[in-house]
Amino acid sequence: DTGVSQDPRHKITKRGQNVTFRCDPISEHNRLYWYRQTLGQGPEFLTYFQNEAQLEKSRLLSDRFSAERPKGSFSTLEIQRTEQGDSAMYLCASSGVGLAGVSSGELFFGEGSRLTVL
Amino acid sequence: TQLLEQSPQFLSIQEGENLTVYCNSSSVFSSLQWYRQEPGEGPVLLVTVVTGGEVKKLKRLTFQFGDARKDSSLHITAAQPGDTGLYLCAGYGSGNTGKLIFGQGTTLQVKP
Numbered sequence: 001d002t003g004v005s006q007d008p009r010h011k012i013t014k015r016g017q018n019v020t021f022r023c024d025p026i027s028e029h030n031r032l033y034w035y036r037q038t039l040g041q042g043p044e045f046l047t048y049f050q051n052e053a054q055l056e057k058s059r060l061l062s063d064r065f066s067a068e069r070p071k072g073s074f075s076t077l078e079i080q081r082t083e084q085g086d087s088a089m090y091l092c093a094s095s096g097v098g099l100a101g102v103s104s105g106e107l108f109f110g111e112g113s114r115l116t117v118l
Numbered sequence: 001t002q003l004l005e006q007s008p009q010f011l012s013i014q015e016g017e018n019l020t021v022y023c024n025s026s027s028v029f030s031s032l033q034w035y036r037q038e039p040g041e042g043p044v045l046l047v048t049v050v051t052g053g054e055v056k057k058l059k060r061l062t063f064q065f066g067d068a069r070k071d072s073s074l075h076i077t078a079a080q081p082g083d084t085g086l087y088l089c090a091g092y093g094s095g096n097t098g099k100l101i102f103g104q105g106t107t108l109q110v111k112p
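Order-wise, the sequence lines are chains X and R.
Under our numbering, the residue at position 18 of the first sequence is numbered 18, and the numbers go up by one with no gaps.
Under our numbering, the residue at position 15 of the second sequence is numbered 15, and the numbers go up by one with no gaps.
These aren't lab readings, by the way, just hints derived from the structure by calculation.
Think of the CB as a built atom: it goes at the ideal place given N, C-alpha and C, for glycine as much as any other residue.
Be careful, since some hints might not be right.
[Claimed, not checked] Among the chain X residues that face chain R by a calculated CB cut under 10 Å, a handful are: (1) V4; (2) Q6; (3) P8; (4) I12; (5) T13; (6) G16; (7) G40; (8) F45; (9) E52; (10) L91; (11) S95; (12) F108; (13) F109; (14) G110; (15) R114; (16) L118.
[As the list claims (entries may be wrong)] Sample of chain X residues with no beta-carbon within 12 Å of chain R, all distances over it, derived: (17) R9; (18) N30; (19) Q41; (20) S58; (21) E83.
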């Protein structure tokens, strides 16, 4: 399967603990995105990378959140000192250029990592 | 900050009915995308509209991009239970940015 994969799919943690999510994008995609989504709502942009460079980060993202994409391939999203308000689905997506060297702009999403903070 | 407002937020209809979902903004977008998301899965792209006034059809779904490229609509004809899901419009922010922002979504429930 060459889709976007996320791990773990579910994480239950206690308030104050740190959690880390991993995303493996479609291999030839140079852009990688992280979103947060609560039930019945649209995905909220967190950050995105082009290759290994983090190009934009939401102002909504507190300093407890950090994302990395060290080699321009997989990415990790870490949440430190989790709070109950962090409970949500964390979605990863990737996009890339097509054969003509032009991006269609389509994002391909993983199935998400659901975080529950008790 | 560019925002996309969707309406309605929730729609529950009977099989066979028609419906329209709206996506509005005060900002101009170079293009708008529509995604559909089913429970437990990530959103999947349905269509991208690029040209002001453009109309695209995907079987029973008709997508329209406003002339001023500030709004879009999705019309479903003769809805079926398989159309149930969360419908999302999305657009790239102004300037040369790769940031894709989403509307708050419209949850559609089609009852048999």
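Notebook entry, point to check: Regarding the assertion that R9 (chain X) does not contact chain R, is the least Cβ-Cβ distance greater than 12 Å?
Noted result: violated (9 Å)
Notebook entry, point to check: Would the hint on I12 (chain X) stand, with a C-beta cut-off of 10 Å toward chain R?
Noted result: violated (17 Å)
Margin query: The output says N30 (chain X) does not contact chain R. Does that hold with a beta carbon cutoff of 12 Å?
Written below: violated (10 Å)
Next item on the list: Let me know if the C-beta of F108 (chain X) comes in closer than 10 Å to any C-beta of chain R, holds or violated.
Entry: The hint holds - F108 (chain X) has a Cβ within 10 Å of chain R, the shortest such distance being about 8 Å.
Checklist line | Interface hint for L118 (chain X), Cβ within 10 Å of any Cβ on chain R | finding: Status violated, d = 21 Å.
Notebook entry, point to check: Holds or violated: G16 (chain X) as interface residue toward chain R, Cβ cutoff 10 Å?
Noted result: violated (28 Å)
Margin query: Using the nearest Cβ pair, does T13 (chain X) come within less than 10 Å of chain R?
Written below: This interface hint is violated because 20 Å lies over the 10 Å limit.
Checklist line | Cut-off 10 Å, beta-carbon criterion: hint that S95 (chain X) touches chain R | finding: holds (8 Å)
Item checked: Status of the hint placing V4 (chain X) at chain R (closest C-beta pair under 10 Å) -> Result: holds, 7 Å to nearest chain R Cβ.
Item checked: Hint validity - Q6 (chain X) Cβ closer than 10 Å to any chain R Cβ -> Interface hint status for Q6 (chain X): holds (9 Å vs cutoff 10 Å).
Notebook entry, point to check: Was the hint right that F109 (chain X) lines chain R, CB cutoff 10 Å?
Noted result: Holds: closest Cβ of chain R sits about 3 Å from F109 (chain X), inside 10 Å.
Notebook entry, point to check: Should the hint that L91 (chain X) touches chain R count as held when the rule is a Cβ pair under 10 Å?
Noted result: Constraint on L91 (chain X) satisfied, holds at 6 Å.
The structure does not agree with the numbered hints 3, 4, 5, 6, 9, 16, 17, 18, 19 and 20 stated previously, though it agrees with the rest.
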